[in-house]
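*Asks:* Using the sequences and the hints given, assemble the complete structure.
Numbering (my numbering), first residue to last: 1 to 110.
I should point out that these hints are in silico values taken from the structure, not numbers from a laboratory.
Each hint should be verified, as a subset may be incorrect.
Stated by the list, open to error - Keeping only pairs whose Cα atoms sit at most 25 Å apart, straight-line, the calculated BS3-like set for lysine-lysine is:
| # | residue 1 | residue 2 |
| --- | --- | --- |
| 1 | Lys21 | Lys61 |
| 2 | Lys21 | Lys32 |
| 3 | Lys32 | Lys104 |
| 4 | Lys61 | Lys73 |
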Amino acid sequence: AHGGPRSREMADSFAANACNKVNDLSLPDLYKNLASTGLVQRLLELARDEDLGVQGDVTCKVTLEESKDIQAKVVSRAQLVVSGLAIIPDAIEIFAPGVIAEHKAEDGAF
Numbered sequence: 001a002h003g004g005p006r007s008r009e010m011a012d013s014f015a016a017n018a019c020n021k022v023n024d025l026s027l028p029d030l031y032k033n034l035a036s037t038g039l040v041q042r043l044l045e046l047a048r049d050e051d052l053g054v055q056g057d058v059t060c061k062v063t064l065e066e067s068k069d070i071q072a073k074v075v076s077r078a079q080l081v082v083s084g085l086a087i088i089p090d091a092i093e094i095f096a097p098g099v100i101a102e103h104k105a106e107d108g109a110f
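*Replies:* Printed below as a string of structure tokens:
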């Protein structure tokens, strides 16, 4: 009803080629590709809205002074591979504009 078997065959071929192209991308390029759709930003906005709600993060409001400079360090207790750093600037823009993140490692580092 939607174009018959030939249309389905073409759609399957297109999907396989698109998947192969995505699989061939480096992680930073894959993230750029996904972020360019606007879906990553929307997902982050949904996460922010679900997490912080209308009133914001209650824990932060009662434990931190708004004008206070804070430093944080992420330290692993076990060996790991660093991954996902590309999303940090987008997450900061959505969750905490004005925050500055400094990376001491790159994606793929052990």
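*Asks:* Give a verdict on every hint.
*Replies:* To see whether the hints hold, each was checked on the structure:
1. Taking the CA atoms of Lys21 and Lys61, the gap is about 45 Å. The hint is violated against a cut of 25 Å.
2. Distance restraint check for Lys21 and Lys32: the Cα-Cα separation of roughly 14 Å lies within the 25 Å cut-off, and the hinted pair is therefore satisfied.
3. As the CA atoms of Lys32 and Lys104 are separated by approximately 21 Å, the hinted pair is consistent with the 25 Å bound.
4. For the proposed pair Lys61 and Lys73, the alpha carbon gap of about 21 Å is at most 25 Å, so the pair holds.
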